[in-house]
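2 protein chains.
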Amino acid sequence: MNSYISFTYKEEKEVSRVYNFSAGPAVLPEEVLKEAAEEMLDYRGCGMSVMEMSHRSKVFDEIIKTAEADLRSLLNVPDNYKVLFLQGGAHLQFAQIPMNLMKNKVADYIVTGQWAKKAYNEAKLYGTANKIASSEDKTFSYIPDCSDLPISPDADYVYICENNTIYGTKFKTLPNTKGKTLVSDVSSCFLSEPMDVTKYGLIYGGVQKNIGPAGVVIVIIREDLVTDDVLPGTPTIMKYKTQVDADSLYNTPPCYGIYICGKVFKWIQKMGGLDAMKQINEEKAAILYDYLDESEMFKGTVRKEDRSLMNVPFVTDSEELNAKFIAEAKAAGFENLKGHRSVGGMRASIYNAMPIEGVKALVEFMKKFETENK
Amino acid sequence: MNSYISFTYKEEKEVSRVYNFSAGPAVLPEEVLKEAAEEMLDYRGCGMSVMEMSHRSKVFDEIIKTAEADLRSLLNVPDNYKVLFLQGGAHLQFAQIPMNLMKNKVADYIVTGQWAKKAYNEAKLYGTANKIASSEDKTFSYIPDCSDLPISPDADYVYICENNTIYGTKFKTLPNTKGKTLVSDVSSCFLSEPMDVTKYGLIYGGVQKNIGPAGVVIVIIREDLVTDDVLPGTPTIMKYKTQVDADSLYNTPPCYGIYICGKVFKWIQKMGGLDAMKQINEEKAAILYDYLDESEMFKGTVRKEDRSLMNVPFVTDSEELNAKFIAEAKAAGFENLKGHRSVGGMRASIYNAMPIEGVKALVEFMKKFETENK
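Residue numbers (this note's numbering), protein chains in the order written: chain E, 939 to 1312; chain H, 939 to 1312.
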């Protein structure tokens, strides 16, 4: 390559980083961001940014193919499952799933939080959606018993939201679907621990929590569910088959987001894969939960056996104290600890990229706050 | 802010940049990329990347609000038009437009290329789509006369693709819609020159040509077209009203892409706004077209009066020579000059961010090639 523009990119500056407990978009691994910054003007000598390259180019083809291969390897995705990188977020999937899978126009939903509820309500636009279990009676603070649910005989699928970002719960065992296809929104626990893909018909997740920047949704779908037989009025681009047949390149994909996801996959590999991630995530969560269990000021809001490794909501017994804590934590460099309005209090999202030092520092800060505000 | 992680970000390297004539995703202004690289780990002292921040945060709110205000100011968008930053690309709009606007289930399409044709075919899923004009008879190498078209009396709208990326044509005057709402796909001419927004009901464009990274589509819609009265089965997220009511934040938007678009809007302002962009673009296009008109080897493929300022297809009279030219140009640092398979030959996309030096260098290279290959 002979290049016509070139300049020296010189920089020396102090970069400051807060501990970012945002529920999503959320913290990303620093080394991923550093690499992205370094490659911004010239991706590995090709003379352009990943933002500027044709999605039909060889360079981008290698980026998306490598990302898919690394994801498949991390999750042990079997060959009869397709991997798609799509746009539109979970909200578009709420419609896309029934449009593609509701052959009998019946589906069963387990409602364990706001996102499952939204998916359930959206499915009603396309057929009969049955709420076969819910934990709304206690502000979604637990996962209902799903060992013997009234699965509809003609249900096309059973739907769950596997980790509930707002409420901090997670399915520790999958529901007994009595042979029906399981569809799972894994947005906020994606790649936080190993999962057995063969137990699902369709897995999807917005990447903006554990994997990359907002604007990419990853769908993993068993190939027998990929058909031309979709509901009338399904947009061509929303038929899974359209994108399966085109390897996610039917239209221009969100290239830059996919590139960042690919870097995060490499980072997880370097960390030791999903078994190692699980161990680290359990260690991080234990530091916070152990303190919550012993604290006289801060309390977790979730039934212990259903606690998420990713999202940890907690409260004090005073709104005033909650507000004081959030303000002082922010001033000390702990960002986005305010809980969702439907739960109140605080929430610490401790995704893969949150370093253990961040959780330790937070607990130290909480202890100090507790002592000072007894 | 007290930050807990900090490091020195040191770099000194030679960055090489090619002249990138890609049709999209396409070249972006270098200073935009430089700023993005500098802000990657710590956006203006907030301690995190724009990729990592909550879309509900004050910092991001300022990013998206500023982007919208700058776009409104560049295009003189009247107050009765809403601006949306969405996902899903033009392909999702192909369905979203009829789902929202086809009240009478009739729409008229002017088919001037592959993208207009795809939009036309998609509309058939939702009602009667009439092809009221076409230039397919001559491989879309011209814009048909649209001064007196057979507009359907009950048409909900008339649809055009204003600049045809593949074929290099552009509407120089808008069609006479006889009072019907005009809907325009401006993806490949967005912000390349001023436009009179009041002449349209809906304008939309994927940003990956003139404005930013793939994964954002901008919709500008007159507010009387924003209603709850959409076709049955329209996904909630695809109802324009859903996103209008939420200022594009009904769900997590493609935050990082919007941030880059915002930087490009600032860059266009600095260049002098759309009048100045038009002048520069005309100057750039003239350099290339003038040479094509005088060359004995290279010929433009488009009727002169319909030539696009953005996409310039050209051919020699030999496939072999075309291939030789593309290969030698690539070796000399001119990337992505291969034409679309449906036109053949070459295409130079010279969007806003292509510097005039790039066009001059290309023409010099073409002259040299012509001399050497007589």
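Calculated from the structure, these hints are not laboratory results. Hints may be right or wrong, so weigh each one.
In silico DSSO-like pairs for lysine-lysine, Cα to Cα no more than 30 Å straight-line [claimed, not checked]:
#1 K1179(E) / K1043(H)
#2 K1041(H) / K1043(E)
#3 K1003(H) / K1056(E)
#4 K1298(E) / K972(E)
#5 K1262(H) / K1298(H)
These are the hints, each one checked on the structure:
no.: 1; hint: K1179(E) / K1043(H); result: holds (27 Å)
no.: 2; hint: K1041(H) / K1043(E); result: holds (26 Å)
no.: 3; hint: K1003(H) / K1056(E); result: holds (27 Å)
no.: 4; hint: K1298(E) / K972(E); result: holds (24 Å)
no.: 5; hint: K1262(H) / K1298(H); result: holds (20 Å)
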